[in-house]
Amino acid sequence: MQYRNGLIGKHFKSLSQTLAFHIHGLVTTEQFTLVKAAGELGAMLWIHEIDDMNAYLADLDILINNLLDAFGNLDPLKIITKAKLHILTHLPQDIPRYGPAVCFSTEIFECFNAVFQMCSVLSNHQAPSRDIAYKNADIDRVKHLISGGYWFEDGSWIYAGKDVWEFMKHNMIMQRHFGWAPRPVLTPGSIKLPAWGKVVSVYARQSLGFRFASARQTAVLIGSWVMAHDDENNTNVIGRVAEIIQPKTSTSELAESFVTLERFSLAEALHANLGMPILRRASEAEQFVMVAPTSVLFPFNIQHDCSLDDDHFIINTHALHNAMLLRKHLPIYLTIPRPLYPNRKERHHKLLTVLRDTQLQKRAQAKLKRDEKKKLKQTQESGVLQSAPSPDKDNSLVSDSDDSEGDVGSEVEAEARVVQGGQKRQRKA
1 MQYRNGLIGK
11 HFKSLSQTLA
21 FHIHGLVTTE
31 QFTLVKAAGE
41 LGAMLWIHEI
51 DDMNAYLADL
61 DILINNLLDA
71 FGNLDPLKII
81 TKAKLHILTH
91 LPQDIPRYGP
101 AVCFSTEIFE
111 CFNAVFQMCS
121 VLSNHQAPSR
131 DIAYKNADID
141 RVKHLISGGY
151 WFEDGSWIYA
161 GKDVWEFMKH
171 NMIMQRHFGW
181 APRPVLTPGS
191 IKLPAWGKVV
201 SVYARQSLGF
211 RFASARQTAV
221 LIGSWVMAHD
231 DENNTNVIGR
241 VAEIIQPKTS
251 TSELAESFVT
261 LERFSLAEAL
271 HANLGMPILR
281 RASEAEQFVM
291 VAPTSVLFPF
301 NIQHDCSLDD
311 DHFIINTHAL
321 HNAMLLRKHL
331 PIYLTIPRPL
341 YPNRKERHHK
351 LLTVLRDTQL
361 QKRAQAKLKR
371 DEKKKLKQTQ
381 ESGVLQSAPS
391 PDKDNSLVSD
401 SDDSEGDVGS
411 EVEAEARVVQ
421 GGQKRQRKA
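Counting from 1, one number per residue, gives the positions in the sequence shown under the UniProt record's numbering.
The hints are simulated quantities; they were obtained by calculation from the structure and are not laboratory data. This structure is a prediction, so every number in the text was calculated from the model and none was measured. Take these hints with a grain of salt, some might be off.
Claimed, not checked - Distance condition first, Cα-Cα at most 30 Å in a straight line; then the derived DSSO-like pairs of lysine-lysine:
#, residue 1, residue 2
1, 192, 169
2, 328, 13
3, 375, 362
4, 143, 10
5, 13, 84
6, 350, 362
7, 82, 362
8, 362, 374
9, 377, 367
10, 78, 367
11, 84, 169
12, 78, 328
13, 162, 78
14, 350, 82
15, 374, 350
16, 377, 82
17, 350, 78
18, 84, 350
19, 345, 78
20, 377, 78
Stated by the list, open to error - Beta-carbon label-pair distances, calculated as ranges:
#, residue 1, residue 2, range
21, 336, 26, 25 to 33 Å
22, 5, 80, 35 to 43 Å
23, 61, 117, 37 to 45 Å
24, 243, 122, 28 to 36 Å
25, 360, 336, 53 to 61 Å
26, 345, 98, 29 to 37 Å
27, 286, 93, 43 to 51 Å
28, 26, 345, 47 to 55 Å
29, 383, 117, 47 to 55 Å
30, 342, 363, 31 to 39 Å
Just so it is clear, CB atoms sit at the ideal spot from N, CA and C, and this is done for glycine as well.
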């Protein structure tokens, strides 16, 4: 907990995928339920494409309700005071209009915080907002010019010359700064062999690769868990990559290559505590299966079930990577969301009663605290008044100690007032 109260969006995104496996047995049941609800909803929101909009919105509505109910179990007041929880309820109406929620996420703008900070640091601190606006306008102006944009000058529209285009074409640093650097494209089924110095036997008839590209152009390493398609039996296979083999006589890295998978089978029931699908090692007769690299569909995340032996694993359905593909290829009874409470209205009435009692207690405690502070303040003020000397008492002491001086002083003051009055009458005359 070194970084508590100092986490940002990317930290919460990482924690939502793995937190359920680490805090089980360390927190209360209500807190663990909240973590599971947040992980399930996060995996459903962080997607880039939706195949069946109606089914997706129905599942999303259940997961949002589960998260709100889980928050209500801990603190019902958060549902009323937290604006982000209220925004979640509008997602089923916004997604059909604007697309997946990740497309209009505001988190992407946080990457400019460092730019804003440097613009403010390098300014004269007289008008930081203006300096930041000017600096961002300059950056946009440069981006517009070097990308071939037009600007109006001397009565005509002109654009940058050919040399500017050539500079951007060959300068990879500038391309990366502006986000134009092309990403490496992996050919499905291509295999990456180890360096020659790391090869164990140079005379082997086959080469062992350490990485290949799946059908969805994702890099898969040895030890990764994948979903593959068995062409012989026309079924999907779940397994762990044991080895990647490519014949040396092949002139193409795609020809005659195959991947050996350590096969696992799905259990019929979900995990009792985590509510995730369980994998069990297949029988010895079906323990290994060989498939083509192009038959490997996609990798996904697996967590070890430490309470059992090494033959049982848990599919991490909270993981963001390939979440929708995993839901699409797993049986629906293992991935369909389940409401936390069948009768939410009855549950809300109970929470409302608890919230009302809690608010009354908080108001009573706040009133008692205010009364105590008021009473303490009055006591302090009365103590100050009692400790201060009385003006009448001081006057009596002065008159008793020196009556003659008091009489002389009063006579002098009377004469001074008479003189001042005469001077005022003379000025008026």
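How the hints compare with the structure:
1. 192 to 169: holds, 28 Å
2. 328 to 13: Measuring from Cα to Cα gives roughly 22 Å; hence the hint holds.
3. 375 to 362: Answer holds: residue 375 to residue 362 is near 20 Å, not above 30 Å.
4. 143 to 10: Cα-Cα ~28 Å, so holds.
5. 13 to 84: holds, 15 Å
6. 350 to 362: holds, 18 Å
7. 82 to 362: Since the Cα atoms of residue 82 and residue 362 sit roughly 19 Å apart, the hinted pair holds (cutoff 30 Å).
8. 362 to 374: holds, 18 Å
9. 377 to 367: holds, 15 Å
10. 78 to 367: holds, 22 Å
11. 84 to 169: violated, 43 Å
12. 78 to 328: Violated - the C-alpha atoms of residue 328 and residue 78 are around 34 Å apart, more than 30 Å.
13. 162 to 78: violated, 58 Å
14. 350 to 82: holds, 20 Å
15. 374 to 350: Measuring from Cα to Cα gives roughly 36 Å; hence the hint is violated.
16. 377 to 82: violated, 35 Å
17. 350 to 78: Measuring from Cα to Cα gives roughly 16 Å; hence the hint holds.
18. 84 to 350: holds, 23 Å
19. 345 to 78: Cα-Cα ~18 Å, so holds.
20. 377 to 78: Between residue 377 and residue 78 the Cα gap is close to 34 Å, so the pair fails against 30 Å, i.e. violated.
21. 336 to 26: 25 to 33 Å: This hint holds: roughly 29 Å between Cβ atoms.
22. 5 to 80: 35 to 43 Å: violated, 23 Å
23. 61 to 117: 37 to 45 Å: holds, 40 Å
24. 243 to 122: 28 to 36 Å: violated, 55 Å
25. 360 to 336: 53 to 61 Å: At 40 Å between Cβs, range violated.
26. 345 to 98: 29 to 37 Å: holds, 30 Å
27. 286 to 93: 43 to 51 Å: About 47 Å separates the Cβ atoms of residue 286 and residue 93, which means 43 to 51 Å holds.
28. 26 to 345: 47 to 55 Å: At roughly 33 Å between Cβ atoms, residue 345 and residue 26 fall outside 47 to 55 Å, so the hint is violated.
29. 383 to 117: 47 to 55 Å: holds, 51 Å
30. 342 to 363: 31 to 39 Å: holds, 34 Å
Checked against the numbered hints above, the structure violates hints 11, 12, 13, 15, 16, 20, 22, 24, 25 and 28; every other hint is satisfied.
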